[in-house]
Amino acid sequence: MKILKALMVTTAVSLALMAGTAHAENKKIALVVKALGIGFFEAANKGAQEAAKELGDVEIIYTGPTSTTAEGQIEVINSLVAQKVDAIAISANDKDALVPALKKAMDRGIKVISWDSGVAPEGRAMHLNPSSNPLIGNMIIKLAADQLPEGGDVAVLSASATATNQNTWIEEMKKVQGNYKGINVVATVYGDDLADKSYRETQGLIQSYPNLKAIIAPTSVGIVAAAQAVEDAGKVGQINVTGLGLPSEMAGHVKAGSSKSFAIWNPIDLGYSATMIAYDLIGGAEAKPGAELKMGRMGTVKLDDNNEGAMADPFVYDAKNVEEFAKIF
Amino acid sequence: MAKLLKNREVLLVIAIIALVFLIALRFPGFVAPANLARVYNDTSILIILALGQMAVILTRCIDLSMAANLALSGMVAAMINAAFPGVPIPLVILAVVALGAALGSVNGLLVWKLDIPPIVVTLGTLTIYRGLIFLLTNGAWINAHQMSDAFKALPRTPLIGFPVLSWLSVLAIAAVYLLMTRTPVGRAFFAVGGNPHAAVYTGIDVGRTRFLAYCLSGGLAGLAGYLWVSRYAVAYVDIAAGFELDIIAACVIGGISIAGGIGSVGGAVLGCLFLGVIKNALPVINISPFAQLAISGTVIIIAVAVNARTEKRKGRVILKKAEAV
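Listed in order, the protein sequences are those of chains V and G.
The first sequence begins at 4 in our numbering and counts up by one.
The second sequence begins at -1 in our numbering and counts up by one.
In isolation and in its complexed conformation, chain V is listed as follows:
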């Protein structure tokens, strides 16, 4: 009996080991997003799958919490560490709160990079910005200014007051504000990426600033809600809603006229590049200031002193091309 038991255990162990070696060839890269069910991240996943297909020996684990909380992401990270993935590519809900969990992952030899919304430098090897923050900051105010040759009052509708990426873009936007004559940023409000709150904040802006000419919403939930609120208030043509949004989500509002144009980088490219960089790091590349990491068809990314790199310029969508891109993402 005892022998039989020992035999069974040995078989089980060796089977497990064999399974282990068979899988060691497939590198597991986890794409962790702010929350599941957001169109932008679903598109990023598409890009990651494309990269995996191209690389051949990569398995993508697309995961994230069900609501945009740091706590939820920490749970996800811990479970990924337990699954022994090779790399984690994360878009963070909180810059600092995730650091301890990610540090633990790096201690176990897991390559950690952040993309889209960054993690503090201690918690990751490198950060991939979809575009450079100064370029985005410039782009969102340029989109508003292009429609306002005479200048005018402009307000910002952000996500939550603690969202890392939103705050950086707004900061950069304010730096270059002087280049746009007559553009006056009157307020920054926060819609918390909730449709109802963003809608209400927009109504508040319309009431508080009767001369408002444009609303800049660098968030995909906010821009849609703001456009709807402007349409409902009968202010189409008076207030232009612009910022960052997805073509599929904005197509209706561009047609309705509440939004003349908006910008976004290609999230498919972003997921693709993050996966390629993670793969490069697993393969032994080192992330240090000045290093160039490979991004497949997107070229290379050069890291700055903070180990951050920029992928590409944001792309502008308007009535001419939005329908066509709405079919893609």
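One should not assume that every hint holds.
Unchecked claim - Heads up, simulated SDA-like pairs for lysine to any residue below, C-alpha to C-alpha not over 20 Å straight-line: (1) V:Lys238 <-> G:Pro156; (2) V:Lys177 <-> G:Ser286; (3) V:Lys258 <-> G:Pro156.
It should be emphasised that the hints constitute simulated quantities derived from the structure, not laboratory data.
Assemble chain G onto chain V, guided by the hints.
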């Protein structure tokens, strides 16, 4: 006068008027009739939901799944409209009200037949319903351009000066008021919550009554689902995330006792209006977003504290002579 002041509804009306007055000091445009109508319109969905929640809370239960039910029903409404734009909107609404009621009846059946604590049941269905949306859509959004114009227009169509959305909530208030005060079922909600054991002796089936309360809250959540999706012209997994807490907060502010048996339609509506005024005022009075959360929380706690005080006079000695002996 003193007696009038002890009346909760009267107190709430005074509080709301004081609140509006305070806001007007900082932003005079807030008291314009058009703006007040807009605030009511914005609060309509919350009112419809709170009426259902009230029925459930009256029976000593709670429905945490209302916002998830709303999201699932709303998504289904949007999907029906996106796939078959020709289906008349009233039919879509009927379908999602039925779907909402069915989702609510799942809660009701689990509470009734399996006797699982309501908070556990609805916490479970909350996640299940959100998960179902994900399964249905794979996380994809349904956007403004995929919905038909009629689908989006209904809640905004003006009718005798007010949007249909506002009228629907008025209709819901009237219907639930009649249900609560003029039908055996409505009275049974109070009886079951006030004293379940006594309710059994009067021939009321406690489990069945709770089941009906959940069906009502589900049906109203289904209606609210269509209204939400068409109002904001977008449907995705996370719509109305966390809204269940607003609904419960509105009920509690309105004096509906979490312990069951105490509450009124008027209270629930006033609780919603109180929250609605705060929500609509915060964006225009220029307060830091960090302070906004703290303010909302503080107001709710104050309301509950006042509520706890008024509830103390619940017990009543009916045989004073016997006690004296």
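Results of checking the hints against the structure:
1. Taking the CA atoms of Lys238 (chain V) and Pro156 (chain G), the gap is about 17 Å. The hint holds against a cut of 20 Å.
2. About 19 Å separates the Cα atoms of Lys177 (chain V) and Ser286 (chain G), which keeps this hinted pair within 20 Å; it holds.
3. Only pairs whose Cα atoms come within 20 Å are accepted, and Lys258 (chain V) paired with Pro156 (chain G) is rejected, the gap being roughly 23 Å.
Consistency note: the structure conflicts with earlier hint 3 alone.
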